[in-house]
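With chain A fixed as given, assemble chain B onto it according to the hints.
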Amino acid sequence: MLAGSAAITAFILFTSYFFVFSMEKSISASANRLGADLMIVPKGYGGQAGDMIVSGTATKFYMPGEIINKIKTISEVEQASPQIYMETLPLICCQVEGHFPVVAFDPKTDFTIKSWLAMDKPFEKFDYIAGAEAGGANYLYAMDNPAMEEVTVMFDKEFTMKIPLFPTGMGTDKTIFIHIDAAKEVNAGEKYFPENSVSTILVKTQPGMQEFVKRQIERMNLDVDVVVGSGLKQTVEKQVLPVKALSYIMIGLVIIMSALQVATMFTALISERKKEIGMLRAMGASRGVTFRILLMEAGIASFIGASIGSLLGGAALYDNKTLIFQLLQLPLLFPNWPTGLLIGSVATLFTTIIAVVAAYFPVRSTLKLQPYEAIREGEY
Amino acid sequence: MIRLENVTKTYKLGQEKKIHALSDINVTIHPGDFISVVGPSGSGKSTFLAMAGLLERPNEGNIYFDEKEVSRLKDKQKTKIRAEKCGFVFQFPSLIPTLNALENVILPKTLDRTFSSKDLERGKELLVRVGLEDKVDNLPYQMSGGEQRRVALARALINEPEYILADEPTGAVDEANANIIIDLFKNWNQTGKTIIMVTHDMKLAKKASRLIYIDKGKIIREE
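Which chain is which? The protein sequence lines are A and B, in order.
The numbering of the first sequence is the numbering used here, which starts it at 1 and goes up by one.
The numbering of the second sequence is the numbering used here, which starts it at 1 and goes up by one.
Because the hints were derived from the structure by calculation, they are not lab data.
Be careful, since some hints might not be right.
Below, computed lysine to any residue pairings styled on SDA-like, alpha-carbon distance capped at 25 Å [what the hints assert, rightly or not]:
| hint | chain 1 | residue 1 | chain 2 | residue 2 |
| --- | --- | --- | --- | --- |
| 1 | B | K18 | A | D156 |
| 2 | A | K368 | B | S144 |
| 3 | A | K368 | B | R113 |
| 4 | A | K275 | B | R72 |
| 5 | B | K76 | B | Y64 |
| 6 | A | K275 | B | K80 |
| 7 | A | K275 | B | N189 |
| 8 | B | K12 | A | E272 |
On the chain B side, residues computed to face chain A include the following (Cβ under 8 Å) [claimed, not checked]:
| hint | residue |
| --- | --- |
| 9 | L13 |
| 10 | G14 |
| 11 | L55 |
| 12 | R82 |
Here a beta-carbon is modelled for each residue, glycine too, at the ideal position from N, C-alpha and C.
Next up, chain A with everything else stripped away, as it sits in the complex (with noise of 0.2 Å):
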């Protein structure tokens, strides 16, 4: 029954904090997508720069591509990652047909597309990746399933459809992402963009230092305009704010009542086994033997019981993974593999803590009695 009810309250918090987690992980990725810090993009073009990810318009600007090596040099910048608008082109992807934008990123610096990849896997020069309405949404749910890794032609080269995005309500949905040196690649003879040149580079900078690196950049004289981001990030932050403290209180409160079940639990199988504790006491167990017999009783007990329930719940999170976010709706970032092996060890041990500690008073109390009263209570 202890190990049941362990089972239960791991099970409970291995789900409920394997979801907060997932729900953080995403909150963190749109973060990062929607609050690019500061975006670069060549002088007279800063008022478009919205436009481009509000919309997905690949509009055709460039500026010299080692710009961002400068940018680097700044001490405050964090990251720097270039993106090349290149055509919109006539294309069927995914069973959906259309025009969608092509825009070149760099995986190796990349910090805002990789946040809306609904799964972990490796991208090659000629992978691509597509928004949720550039036909992504079609393989959202069947991630898995490599007939999704179809081959559609884009600049005469022949492109492996990769990863779909997670909706994300803005211009990406609609865009088409290659990789920045299949870009080069194809664009051989400047056919679609001049060499060497990128079109935006976006910046995350240390935090609040947005205004200063801006300046900085503006000193150096690069013929650029900077763009400061909207501010999203702060104001994802503040709405899920409420979301995550009403999470953790949940987990909170599971704690709590498993902790209660759990001694409410032990008391009743103490008060069964009273007699047999006396009769071991009376047969030269000491009160510290008895109590650890039964301490440890319960840790092992609670321990089996909070594996399979960890367990379980990994095995039910994990194998209906595509359920759970069609249910949803969200773009729920499940941890990986060690991650949620860690969420699960993690689970387990504190179950079984928590069962440690609610025995360790109805143990405390039983083992003040003398060995007959204890015989005589558990005889009635």
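Relative to the frame of chain A, chain B by itself:
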């Protein structure tokens, strides 16, 4: 030798009511005694046994083991005395259901952490002595009530105690098993063990060498 001197035990029943389980008991149990403690239900027989076996603390009076006052010793010290000097047989089924007969017999050795491989041999030998050599690996549910009681007897002897304290050892067993148990007690008594047996069965009680009659918490007669 165990000596109870002016031992009184009172249990509280609710806020005000008190039950006098034992009142001013004075008795000396000599090495080699085979004592039957008899009396009606609720007379205080089991409490008497609990006092003699240091399973309970008296409200008043003293308990001596080999002339040393022990009733007010710390729990650890009393546990040590119990483990070394006393073997208990209870009136209720007292075997651990998940342990087989042999494991139940050697249980006291594992509890006081003095277990060694020799104890396995001794456990088997004791099971032979109680006539259960073919039940060594049986779990309690695979044995009859009488057989379980005999396993409990073997367990009481595993620490080679001086005193065997048995509370209704023949309760709820058939006559044949009851006779086997009493014969075992007699044999052990002849080897020098002191037996203190609580029973309400006068026929069996009379097989002991000494009878103590208890009623309303007092010794009313000794034979």
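A quick look at each hint next to the structure:
no., hint, in the structure
1, B:K18 x A:D156, "100 Å, violated"
2, A:K368 x B:S144, "34 Å, violated"
3, A:K368 x B:R113, "22 Å, holds"
4, A:K275 x B:R72, "23 Å, holds"
5, B:K76 x B:Y64, "17 Å, holds"
6, A:K275 x B:K80, "20 Å, holds"
7, A:K275 x B:N189, "28 Å, violated"
8, B:K12 x A:E272, "21 Å, holds"
9, L13, "12 Å, violated"
10, G14, "14 Å, violated"
11, L55, "4 Å, holds"
12, R82, "6 Å, holds"
Hints 1, 2, 7, 9 and 10, counting from the list given before, are not met by this structure.
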